[in-house]
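> Construct the complete structure from the given sequences, taking the supplied hints into account.
Here is what each chain is made of, one letter per residue.
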Amino acid sequence: MSDEVPKTQDLIKSIIANKTPVASWMDTPAVIRPGMYCYSAKAKPLNIVGMPHGREWTPDADDWSLPENWMEILSEGLRDRLDRFRSLKVFMDICVRCGACADKCHYFIGTGDPKNMPVLRAELLRSVYRKEYTVAGKILGKLVGARPMTAEVLKEWWYYLFQCSECRRCSVFCPYGIDTAEITILGRELLNLLGLNIDWIATPVSNCYRTGNHLGIQPHAFKDMIEFFVDDIEEITGVRVNPSFNRKGAEILFITPSGDVFADPGTYTAMGYLILFHYLESMGLDITWSTYASEGGNFGLFTSHEMMKRLNAKMYAEAKRLGVKWILGGECGHMWRVIQQYMGTMNGPADFLETPVSPLTGTKFQNAASTKMVHITEFTADLIKHNKLKMDTSRNDNLKVTFHDSCNPARAMGLFEEPRYVIKNVCKNFYEMPESTIKEQTFCCGSGSGLNAGENLELRMRGGLPRANAVKYVHEKHGVNMLATICAIDRAALPPLMDYWVPGVSVTGVHELVGNALILPGEKQRETDLRGEPLPGMEDE
Amino acid sequence: MSALWGLLKKNRDSIVAIWREATLDTYPTDASNFLKKSKDPFHNPVGKRITQGLAEAFDILADQGETARVTPFLDDVIRMRAVQDFSPSQAIGFIFLLKGIIWEQIKKDAEKLADSPDWRELDAKIDGMALLGMDIYNTCKEKIYSMRVHEVKNQCYNALKKSNLIVAIEDMPDDQDGSLQ
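Those sequence lines, one after another, are chains A and B. With our numbering, the residue at position 439 of the first sequence is 439, and numbering never jumps. With our numbering, the residue at position 155 of the second sequence is 155, and numbering never jumps.
Calculated from the structure, these hints are not laboratory results. There could be a bad hint or two in this list.
[What the hints assert, rightly or not] With a straight-line cut-off of 25 angstroms between C-alpha atoms, the simulated BS3-like cross-links for lysine-lysine are:
{"id": "1", "chain 1": "A", "residue 1": "Lys472", "chain 2": "B", "residue 2": "Lys143"}
{"id": "2", "chain 1": "A", "residue 1": "Lys400", "chain 2": "A", "residue 2": "Lys424"}
{"id": "3", "chain 1": "A", "residue 1": "Lys472", "chain 2": "B", "residue 2": "Lys39"}
{"id": "4", "chain 1": "B", "residue 1": "Lys48", "chain 2": "A", "residue 2": "Lys439"}
{"id": "5", "chain 1": "B", "residue 1": "Lys141", "chain 2": "A", "residue 2": "Lys472"}
{"id": "6", "chain 1": "A", "residue 1": "Lys390", "chain 2": "A", "residue 2": "Lys424"}
{"id": "7", "chain 1": "A", "residue 1": "Lys472", "chain 2": "B", "residue 2": "Lys37"}
{"id": "8", "chain 1": "A", "residue 1": "Lys524", "chain 2": "A", "residue 2": "Lys428"}
{"id": "9", "chain 1": "A", "residue 1": "Lys42", "chain 2": "B", "residue 2": "Lys153"}
{"id": "10", "chain 1": "A", "residue 1": "Lys89", "chain 2": "A", "residue 2": "Lys131"}
{"id": "11", "chain 1": "A", "residue 1": "Lys223", "chain 2": "B", "residue 2": "Lys161"}
{"id": "12", "chain 1": "A", "residue 1": "Lys472", "chain 2": "B", "residue 2": "Lys36"}
{"id": "13", "chain 1": "A", "residue 1": "Lys477", "chain 2": "B", "residue 2": "Lys48"}
{"id": "14", "chain 1": "A", "residue 1": "Lys477", "chain 2": "B", "residue 2": "Lys39"}
{"id": "15", "chain 1": "B", "residue 1": "Lys39", "chain 2": "A", "residue 2": "Lys439"}
{"id": "16", "chain 1": "B", "residue 1": "Lys10", "chain 2": "B", "residue 2": "Lys36"}
{"id": "17", "chain 1": "A", "residue 1": "Lys428", "chain 2": "A", "residue 2": "Lys385"}
{"id": "18", "chain 1": "A", "residue 1": "Lys472", "chain 2": "A", "residue 2": "Lys400"}
{"id": "19", "chain 1": "B", "residue 1": "Lys48", "chain 2": "A", "residue 2": "Lys472"}
[As the list claims (entries may be wrong)] Pair ranges (Cβ atoms, derived):
{"id": "20", "chain 1": "B", "residue 1": "Lys39", "chain 2": "A", "residue 2": "Phe85", "range": "32 to 42 angstroms"}
{"id": "21", "chain 1": "B", "residue 1": "Leu113", "chain 2": "A", "residue 2": "Glu533", "range": "57 to 67 angstroms"}
{"id": "22", "chain 1": "B", "residue 1": "Ser89", "chain 2": "A", "residue 2": "Glu539", "range": "45 to 55 angstroms"}
{"id": "23", "chain 1": "A", "residue 1": "Ser506", "chain 2": "B", "residue 2": "Lys112", "range": "57 to 67 angstroms"}
{"id": "24", "chain 1": "A", "residue 1": "Thr345", "chain 2": "B", "residue 2": "Lys39", "range": "41 to 51 angstroms"}
{"id": "25", "chain 1": "B", "residue 1": "Gly128", "chain 2": "A", "residue 2": "Lys44", "range": "48 to 58 angstroms"}
{"id": "26", "chain 1": "B", "residue 1": "Tyr145", "chain 2": "A", "residue 2": "Gly504", "range": "15 to 25 angstroms"}
Just so you know, even glycine gets a beta-carbon here, dropped at the ideal spot from N, CA and C.
So this is what it looks like as C-alpha cells:
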C-alpha cells in the first residue's frame, strides 16, 4: 500500500447506491426498480368487477396509457374522499412532521429508502393536497411542502403506495394517532380510479367475486381439497372425520382463508381445524363449512372501501342463508381487520344472528356481540381453559416454538394472549421474541396487503428483515425451529423469508399444533405429525 | 507479530469505526443517520449487522486468521446488500474501503515499514475477503432466483395434481418385485 491508494471518500463515491441528493425529496423522482414492484393489473379482472380503465400497461414503461382526463378524475376523487372520510382530512392537516414514525416502518428499516418513512410516504399525497386545498400551498408552493400533480408524481404514488403493507406499526408511535395505513388505503383507492392496481390484488378480487375465493376454485374443487385432508387425517390417525358443507340449520358457520385449503403449510392448519371439529362433534359441536363463503381473506380492503364491502357481504349472506346462529373464523390476518373494524357497519347489523356462545363450555363471547364472529384461537383457548381437550403434547416436543403476532389480529383487534395460551398448552418449548418486536409492536412479514407476489421478492426480503432478525435471535439463543402464526399470508410469506434469513426455521399455524396434540377417540398410535414427518421417538419406526 | 499487524491492532477501534461509518455512508443520507445512531439491534438490524460484522471481520484479519473465517460475518452484511438497492460492485465494494482506511489511520507510524512484505499479505487478505464477498453475493442472488423458480414450479405442480392430471410416484402402488405398476 502507498499514497497511490485511493482516498476513502473517493472510493465511497464509487460505491454509493442511492445517495439522496442535497435537493429536496420532491426533486428526486422515483426510480422504478425490478424486484421492488408487483406486475400491473390486467384489464379483464378489473372489467369483471366493474373497476374503471382496465387496460394493458407496464410499470417500467414511460407511457402508462392513462385516460386523457386522469388529472380531473384524481382531483375529483380526492375531493370526494376528503368530504366522505373525516379521518383523511384530519390526517392531511395535523401531521407536524415530528418524525416519530420515520424509523418504525419495516420497509424503511430494511430498504433505507427515505420515501419508505411513513411520514414521507404520506407526504407524497399530502404535498398534492396542500397544493389543491390550502391557501398557503396554493401561494407558496414548495416552500410549504406543496406541489402540483404530474405524471411523475403519480408514478411515485403508485411505486410507494405498493411498498406499504398497511401494517399500522407506525401508527402505534404517532403522537397524533395518524394511521398511515388509512392514507395508503385511500391512496390506492385513488389509483384504482385510473386502473392502476396490481395483478396480485386485482385477480384475487375478481376471483373472489366470481367463485368466492382468491384462486378461483369452484365449489366442487373446494370440497375435493377438504376430502383430501380427510383421507390424510385417516391415514395418520386411523380416524375418518366427516365435515359437512353448506348444511342448513347448523349452529355455527366456519369461514377461513382459502390459503388454508390450498397452500402449504396452511393446509396442515386446515387439517388441525378438521380434527378439532371432529373431536368436539360428539360433545355437541354443530358446525358447517361453506363452499360459497370459501374465503375469509378480502383483497377488497387493498382496492377500495366499496370493493371490500362487496366481497365481505358473503359472510353474513351465507350465515343468513344457512340459518346459523353465529360464525367461527379461522386463522387469518386482514380478514380480521375487516371483520373487527368494518363488517358491523358495512354489512351489519347482523341481528338475525345471536351473540356467540360456545356449545361446549357455555362461554358467551361478549366481545363478539356486535359482529357475531369469534376467532378460533379465542374459541380453542376457552376449550383448553375449561379442560375440554385431551391432548398428548409430547407429539410437539421436537418443536421449539416462537410466535409471530400478525399485524392485523395484533394491532386491529388486540389478540395477543389467546394464541399464546393455546400454544403454551400444546407445546412445552415456547420462547418469545424480544418485546419490541411482538404484540402491538410486531414487525410485519413484509408481504402483507397484497404484496405477496413472486416478482417483488427483493422488496419482501428487505421488508421482512426486522421480523427475520428477531426470529434469528431466538433461533440462535434457544434453538427455535418453528415460527407459529395466525395469518394465511404469513404462512405463505414467512417460509421463503426464513429460507433466506434464518434457514432451519419452519412455519406453522397454531391449529396445526393443536391437531398434532389432540387425541381423537379411537385413534391408532400416531407415527407421524400432520406433515407426515416422524413424531418424536418414532424416527426409526 | 510484525510491526504492521501490531499497528492494525493498536488502531483497531478507529479503523473499525471509520470502516463502519464509510459503509453506512453508502446508504441514502436520511437513512444513514438513523442506521448510525440507533443502537437497538432489533430496531436497527442493518446498523447492527454492519457494526458487528465489520468488527468481527477486522479482528480476524488483524489476527492473520484464515480468510475463510470471515464468511459468516461478511454474510451478515452482504445478505442484506444483495437485496437492497446496490449493484454487485456496490454491494461488496465496502470491503475495498478497508485498504484506504487502514493506510490513512496508520501511515504516520508506518513509514519505516514501506518495504515490509506484510503489506502484500495484508493486501492479499483483503482481496481474499472481497473474493469471498463475491461468492456470498452470488449465493444470495441464486437463492432469490431459486426461491422464485421453486414457487412457480410448486404452483404448476399443485395445479396439475389438484386437477387430477398427474399421479405422483409416491402415490403409485408397488408390485411384488418392487417396480412400479
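> Against each hint, give a clear statement of whether it holds in the structure.
Hints, verified against the model:
1. Taken as a hint, the Lys472/A and Lys143/B pair is honoured in the structure, with Cα atoms around 18 angstroms apart against an allowance of 25 angstroms.
2. For the suggested pair Lys400/A and Lys424/A, the alpha carbons sit about 11 angstroms apart, so the restraint of at most 25 angstroms is met.
3. Restraint check for Lys472/A and Lys39/B: satisfied, since their Cα atoms lie roughly 18 angstroms apart, inside the 25 angstroms limit.
4. Of the supplied pair hints, the one linking Lys48/B and Lys439/A holds, its CA atoms being roughly 23 angstroms apart against a limit of 25 angstroms.
5. A distance of roughly 20 angstroms separates the Cα atoms of Lys141/B and Lys472/A; the hinted pair therefore holds under the 25 angstroms criterion.
6. Straight-line distance between C-alpha atoms of Lys390/A and Lys424/A comes to about 15 angstroms, which keeps the hinted pair within the 25 angstroms bound.
7. With a C-alpha separation of about 22 angstroms, the suggested pairing of Lys472/A with Lys37/B holds against the 25 angstroms cut-off.
8. Between Lys524/A and Lys428/A the CA atoms are separated by roughly 23 angstroms; this keeps the pair inside 25 angstroms, and the hint holds.
9. For the proposed pair Lys42/A and Lys153/B, the alpha carbon gap of about 23 angstroms is at most 25 angstroms, so the pair holds.
10. For the given pair, Lys89/A sits about 14 angstroms from Lys131/A by alpha-carbon distance, which is consistent with the 25 angstroms threshold.
11. The suggested pairing of Lys223/A with Lys161/B holds, with an alpha-carbon distance near 15 angstroms, which does not exceed 25 angstroms.
12. Of the supplied pair hints, the one linking Lys472/A and Lys36/B holds, its CA atoms being roughly 22 angstroms apart against a limit of 25 angstroms.
13. Between Lys477/A and Lys48/B the CA atoms are separated by roughly 17 angstroms; this keeps the pair inside 25 angstroms, and the hint holds.
14. Restraint check: the Cα-Cα separation between Lys477/A and Lys39/B comes to about 20 angstroms, which is no more than 25 angstroms; the hinted pair holds.
15. A distance of roughly 21 angstroms separates the Cα atoms of Lys39/B and Lys439/A; the hinted pair therefore holds under the 25 angstroms criterion.
16. As the CA atoms of Lys10/B and Lys36/B are separated by approximately 24 angstroms, the hinted pair is consistent with the 25 angstroms bound.
17. The suggested pairing of Lys428/A with Lys385/A holds, with an alpha-carbon distance near 17 angstroms, which does not exceed 25 angstroms.
18. Proposed proximity of Lys472/A and Lys400/A is supported: the alpha carbons are some 13 angstroms apart, at most 25 angstroms.
19. A distance of roughly 13 angstroms separates the Cα atoms of Lys48/B and Lys472/A; the hinted pair therefore holds under the 25 angstroms criterion.
20. Remark: the range hint 32 to 42 angstroms for Lys39/B to Phe85/A is upheld by a beta-carbon distance near 39 angstroms.
21. For the hinted restraint 57 to 67 angstroms between Leu113/B and Glu533/A, the CB-CB distance of approximately 59 angstroms keeps it satisfied.
22. The beta-carbon spacing between Ser89/B and Glu539/A, approximately 47 angstroms, falls within the hinted interval of 45 to 55 angstroms.
23. Range check, Ser506/A to Lys112/B: about 58 angstroms between beta-carbon atoms, so the 57 to 67 angstroms window is met.
24. Remark: the range hint 41 to 51 angstroms for Thr345/A to Lys39/B is upheld by a beta-carbon distance near 44 angstroms.
25. A beta carbon spacing of about 55 angstroms between Gly128/B and Lys44/A agrees with the range 48 to 58 angstroms that was offered as a hint.
26. At about 21 angstroms, the beta-carbon gap between Tyr145/B and Gly504/A stays in the expected band of 15 to 25 angstroms.
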